[in-house]
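Here are the chains, one letter per residue:
Protein chains: 2
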Amino acid sequence: MKIKITLLLSFIFLATLAKAQDSLMLRKIYDEELVNGQCYGNLHYLCKNIGQRISGSANAQKAVEWGKKLMESYGFDHVFLQEVMVPHWVRGAKEEGIIIDGKNRIPVAIAALGMSVGTPKEGITASVIEVHSLKELDTLGESVIKGKIVFFNRPFDERFIETLRAYGTAGDQRNAGPAAAAKYGAVAVIVRSLTGSLDDYPHTGATSYKPDGIKIPAAAISTIAADQLSNLLRQRKQPLIKFYFKQSCQTLPDVLSYNVVGELKGSENPNKFITVGGHLDSWDLAEGAHDDGTGVMQSVEALRILKAMGYRPKNTVRAVFFMNEENGDKGGIKYAELAAQNKETHIAAIESDLGGFTPRGFGFDGASPEMIKNINLTWKKLFEPYGSDKLVRGGGGSDIGPLKDKTPGVVLIGYLPDSQRYFDVHHSPNDVFENVNKRELELGAASIASLIYLIDQHGFNFNN
Amino acid sequence: MKIKITLLLSFIFLATLAKAQDSLMLRKIYDEELVNGQCYGNLHYLCKNIGQRISGSANAQKAVEWGKKLMESYGFDHVFLQEVMVPHWVRGAKEEGIIIDGKNRIPVAIAALGMSVGTPKEGITASVIEVHSLKELDTLGESVIKGKIVFFNRPFDERFIETLRAYGTAGDQRNAGPAAAAKYGAVAVIVRSLTGSLDDYPHTGATSYKPDGIKIPAAAISTIAADQLSNLLRQRKQPLIKFYFKQSCQTLPDVLSYNVVGELKGSENPNKFITVGGHLDSWDLAEGAHDDGTGVMQSVEALRILKAMGYRPKNTVRAVFFMNEENGDKGGIKYAELAAQNKETHIAAIESDLGGFTPRGFGFDGASPEMIKNINLTWKKLFEPYGSDKLVRGGGGSDIGPLKDKTPGVVLIGYLPDSQRYFDVHHSPNDVFENVNKRELELGAASIASLIYLIDQHGFNFNN
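Sequence lines, in order, name chains L and H. For what it's worth, my numbering labels the leading residue of the first sequence as 1, then goes sequentially. For what it's worth, my numbering labels the leading residue of the second sequence as 1001, then goes sequentially.
Derived by calculation from the structure, the hints in this document are not laboratory data. The structure presented is a predicted model; accordingly, all values stated were derived computationally and were not measured. Ideal Cβ placement from N, Cα and C applies to all residues, glycine included. This list has only true hints and no planted wrong ones.
Heads up, simulated PhoX-like pairs for lysine-lysine below, C-alpha to C-alpha not over 25 Å straight-line:
#1 K1373(H) <-> K390(L)
#2 K380(L) <-> K1390(H)
#3 K28(L) <-> K380(L)
#4 K381(L) <-> K1381(H)
#5 K1380(H) <-> K381(L)
#6 K19(L) <-> K1390(H)
#7 K1019(H) <-> K373(L)
#8 K1183(H) <-> K1215(H)
Not everything, but these chain H residues come out facing chain L in the computed CB check (under 10 Å):
#9 Y1030
#10 D1031
#11 L1034
#12 E1158
#13 R1159
#14 T1163
#15 G1196
#16 S1197
#17 G1387
#18 K1390
#19 D1418
#20 S1419
#21 Q1420
#22 R1421
#23 R1439
#24 L1443
Chain L with its partners taken away, still in its complex shape (with noise of 0.2 Å):
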């Protein structure tokens, strides 16, 4: 009985031991951030000396070479690149468009949709049909869509208190709104801004077609100017409101294109990795702060933070640059493959993809609630005085995604910024350096070293 005590209570010291060490590690990886932090200064680079860096651009290729270039300065143990193709769309000369309502021409805001084909030189004129959704379409048929320009107007539902699921839930307008428009005979569509934010700027973002269907022209409106031919359409008959439009955007033959990796060799398990990464490539619009250059400059901060303060994984720790995830996923699919080939285990992937907005915490994918709750048990209040201790279910990534089958037994974590501005910036000419705040860009780095820390130091395993 003697001897129980004494285990049990050896044993409830070691634990209290190693949560007030793992308390001191994060308090010492955040002094580390917010004293010394680089990121701030490195996305300043990427967005001011190299800018937008659309996939298959000679931008994208630049901020290859320096990203390579940036984690070999900070001499991490080995820096590689992974070789994937990748498509090339380029949008060609400023989009025109212009409400034409009887002698009066008024002109918008609107760009191309990433993907879209471009328009007959002349451009199209035509009468437009406002939508809602893509049931709707089917309730009007082509006896009324042929012909016409589709206008998607459905806004964000402004309810939703992540602003993440109104983008989540408005998002079929521009993925699959041109490729159903078209099989009703529309001649192209217009897909009102995905944002909340009341504002001129167009958002862009891809669109898809069917690989066998017919491919029309496709363009975001800003939101301001969808609000007003809204009203037009409303105030007159709709056949005497028409819009022309006019891109010149195409796709060229794919590119070869890299992933950037820098990796701090795990001590014990040279082959267990634990990735965290974001992706270099942005629209081209602006300079992809948010998205995403505050991902892979945060990416690439984590194992900056761990290195300075001397801590040595167990496991292998590697940042990646994901190249291609705004109109393709082929770096995020290559890496998997990769992963998968050189069978590598990977213990979890961290995405940063949310902007680099203030802490809320991470989101665990596909984790049972079990593991939830012992996520929360064991890590909650190591985080909660850093105000990123929202450790909740959901999350992940679409550049980690693929890791989930063919890295089998991979956590996925999505890092949890505040959701509230992101959509504001969001694919459009906003999407700037000066809409990063220091602070906010650095508490998140902190975060995902310390989880980091976390994971390489205790697994999941929370029985032990």
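Starting from the structure of chain L, add chain H where the hints point.
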């Protein structure tokens, strides 16, 4: 025994029902605000059509009149003004600040501290002595300080997660530095702006002299200029660097001004009050958007939401636009005096004066650990879906503070938004409407309305 069990089951049933009703009510409050919110539009008016509104100014009077009309337009049961005499400090002509490095004259961004005296008409030129604390003044003593300009240059300690704590620990330089330096014969004081961001704006704020002490001119200098000056002082021998500055600020006789108060009358306890407020006055360098336009607009919005939902409070709910928080707190003091004089029972007072950023929760001033535990047990779950669930000890605010003594038993509550961006704009020319996010502001208003509802329904008696 049967009766006891039946009673117990009834009790559990009723408690569960009450919780479900509360949960439903909060959802309705957030829906009302996110769909029909008016505080962003109101803030736009306050910032753009009135603008800066320092105590005693014509704009402050405009803001009082507009604020009263706004409350009346919402049909509150009673809208009235409370007379209060306030200081009338004026900045005068734009300040001039120049670093004199031999023949090189470098103009830098400065702004007089609020309540500071002006310089002589020809300005002040003197050698600069850089210090990092008030204590250092005592060490240096009169022999070093006499005839010099004291330059307080202790930066924010970035390791604090909450920026308010960094502000708190750096603040004595501005609040008490000029009075302390005057004692040792300093001719003037310049203070590193109280912000963690490296920018080229001066961030003003009040200083206070001893009633019988010597008053020397004091100004804030931008953090970029502070670093520049500090570097030059290090590179050259100190006496070689001089500083010139000129400001023509002065304090005029006190002016009659007002708190603006609007009420929804309590159906059960009309003489028991739940007060929510912010301050209507602002510094004069910008629009007082986050400080504290957002707070006053959220306060009136909380009442608007409850009224729009047809909610009839049991206790009287009051929105208060306090006057003169920035340089005197006269409005808050007057409000508490009148509350005592009119024998009003105050259940709770909520202040929103930390910016209109994304909600984190509320701080309860002077709450016992037992009370905080109960608040968390009872309300935390309700706020979790809205991210406003950090319910902690501490909080309150300058304007509601005087109620503590004047209306014993009141619970003082500070609204806690995320703090990372506040000091980027605080007291600077950057505090403009454009730096407020609509949804963040609205979520704050809904959080405050929710808390008012819960206090109105349940009070703080968690034993029954």
